[in-house]
Amino acid sequence: MNVSIDNTMVMNSSDWEKKGVLIPVFDKEIFTIDIGNHQKCIVILHGYLTSSYDYYKVLPELSKHYRVVLLDFVGFGFSEKLDKQYFTTIDQADCVLELCRLLNLNNITLFAHDYGTEVAQEIIARQNYSLIDITIEKYILGNGNMTIDHSCYLDYHKKVNQHVSKKLIAMLASFGMYKKAIKEAFFDETKISDTELIEMWHQLELNKGRDVINFISHYIRERKIFWHRWVKALNDNKVPIKLILGRQDTTNINANSNTLADKNEDIEILWIENCGHYPMLESPEKWVEAILKA
Amino acid sequence: MNYLDWKNKGKLISVFGNDVFVIDKGHLKKTLVILHGYPTSSYDYYKTLPELSKHYRVIIHDHLGFGFSDKPVDYSYSLIEQADVALQLWKQLKLTNITLLAHDYGTSVATEILARHNKQQINLQIEKLILCNGSMHIELSKLRMIQKLLRNKITRKWIAKLTNYPLYRKNLRNVYFDKSKATNGELQEMWFMLEYNHGRKVIHFLSNYINERYTFWHRWIGALKETTIPTKIIWAKNDPVAVAVIAELLTLEIPNNKLFWIDNCGHFPMLEKPDEWLNLVLK
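Sequence order for the protein chains is A and B. The first sequence: position 11 = 10 (numbering that gives the first Met the number 0), numbered continuously. The second sequence: position 263 = 262 (numbering that gives the first Met the number 0), numbered continuously.
Please keep in mind that the hints were generated in silico from the structure rather than gathered at the bench. Quick reminder that beta carbons are idealized off the backbone N, C-alpha and C, glycines included. Treat the hints with caution; some may be incorrect.
What the hints assert, rightly or not - The following residues of chain A were derived to be distant from chain B, with all beta-carbon distances above 12 Å: (1) Ile-4; (2) Leu-102; (3) Ser-173; (4) Glu-221.
Said to hold, decoys possible - Derived pair list, reagent style DSSO-like, types lysine-lysine, alpha-carbon separation capped at 30 Å: (5) A/Lys-223 - B/Lys-90; (6) B/Lys-236 - A/Lys-223; (7) B/Lys-257 - A/Lys-18; (8) B/Lys-147 - A/Lys-223; (9) A/Lys-237 - B/Lys-147; (10) A/Lys-223 - B/Lys-224; (11) A/Lys-207 - B/Lys-224; (12) B/Lys-118 - A/Lys-207; (13) A/Lys-137 - B/Lys-118; (14) B/Lys-118 - A/Lys-83; (15) B/Lys-147 - B/Lys-224; (16) B/Lys-90 - A/Lys-137; (17) B/Lys-257 - B/Lys-236; (18) B/Lys-257 - A/Lys-223; (19) B/Lys-141 - A/Lys-83; (20) B/Lys-200 - A/Lys-223; (21) B/Lys-93 - A/Lys-237; (22) A/Lys-39 - B/Lys-118; (23) A/Lys-83 - B/Lys-224; (24) A/Lys-83 - B/Lys-147.
Given these sequences and hints, build the entire structure.
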């Protein structure tokens, strides 16, 4: 299928905000966009330091085929931001599942990118253990940070940790650093405009979003704690898992390796060529085609 | 009690593919489930089980990595997973109404279970909660040097290798108020259970729980603040690790609670002062 997307218009934050609503989930307000009148539904989990806004280019096309549910994680985008408190991956997973329940979603395809892939892995673990009631029929994982595409089967490497934490901390320092880090994650830097980056930064800054004390150290610690749980989740998957990956992802130390797919024959990879860490922004047409194919 | 005699009292039940050692004693309808502490096992309750089982059906399991349960090396040993396992075990035993008693490490598994209970993610009626000495407020606890070393990612592997019976005995005896109550015989049996199934290979993973208590502080303390379950806090006053001030703070945080002190007693009240402890539990 050939998908064509108008790449020229940049969405501004307040227009994006108008597309969604705040839904109380447990005691947190979660910004949710729910568009498209279809039986089939796709729930999308965004990455670290960005938000649902990453999907503004693909939403119109995707919603022709799916009921699309986009949410901002607690602490990101237009969702509630907690004061100096780390909201764990376990808590994020609780909220995502509760939101699906509140919206009465069925036949769910779950797509996750970057940080979202960790929340997805936690959800996969729970589904494998039959701890959840809702039915997720398929998982599609995008470019992750560490666990998914390369270091999945390596031992926890100090260098990887340091690399990741340094980068993530630097991103928070100023708009200049943020811009640099996001741009570096693209294969073709011209595909992300300054206007878009300003909107993304604006959402990050909103409600003192940068003020998440100790986020990185908790984040890295959680990855260590749940290392075996999440690797096992991917290996024992009871429903299909597909990967859609931008080939030239420089945010990963070794982006071309596909150890996960090598180890687990059930897992299939769809590569997007000439594309970095954010295919939904850099190659939106190809990304939508891949989702529809996966 | 000899550790093999204790083993004969229980059975292995497979939970998510791992064998969990379970004691299931008593025929009453009322059920008491117990989550034991670190780095010991269900054996902590050998003195009190006969009396408890006159009042309750008592279920005590060894967490994975402890006692006679499986100790896989490629496992996270997260308190989140220990909660998954406990809940699945109780589901397999078809428990619906329970009194939940937790001590030490077990109190954190209990708070994770409470978080899920508050969010109505589990079908389990928890009628009563009993919390014994446990450092839920990790920021207030006085960690032993050995705990600090086991928690540190550089030293922990070496410390785990070097851990031996004399060191274990010394550390355990030190958390008693009356050191003479920790007999060599008893400590020896506890050490055997730690060593069982190559347990020393996983002890540094198990020690990760201290880090988790920091990361999940808001989730778990939040769960205690939210719960409406009637809670009894039974606290040995002279615990050098889970200090008395933690219990005092819990009384301010848990909505429906009652605090009972055990004087002149250290970290293991069920072993050091079993009669007093039993009276308070059964009261």
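*Looking at the structure, which of the earlier hints fail to hold?*
Numbers 4, 6, 7, 9 and 18 - these are the hints that the structure violates, sorted from lowest upward.
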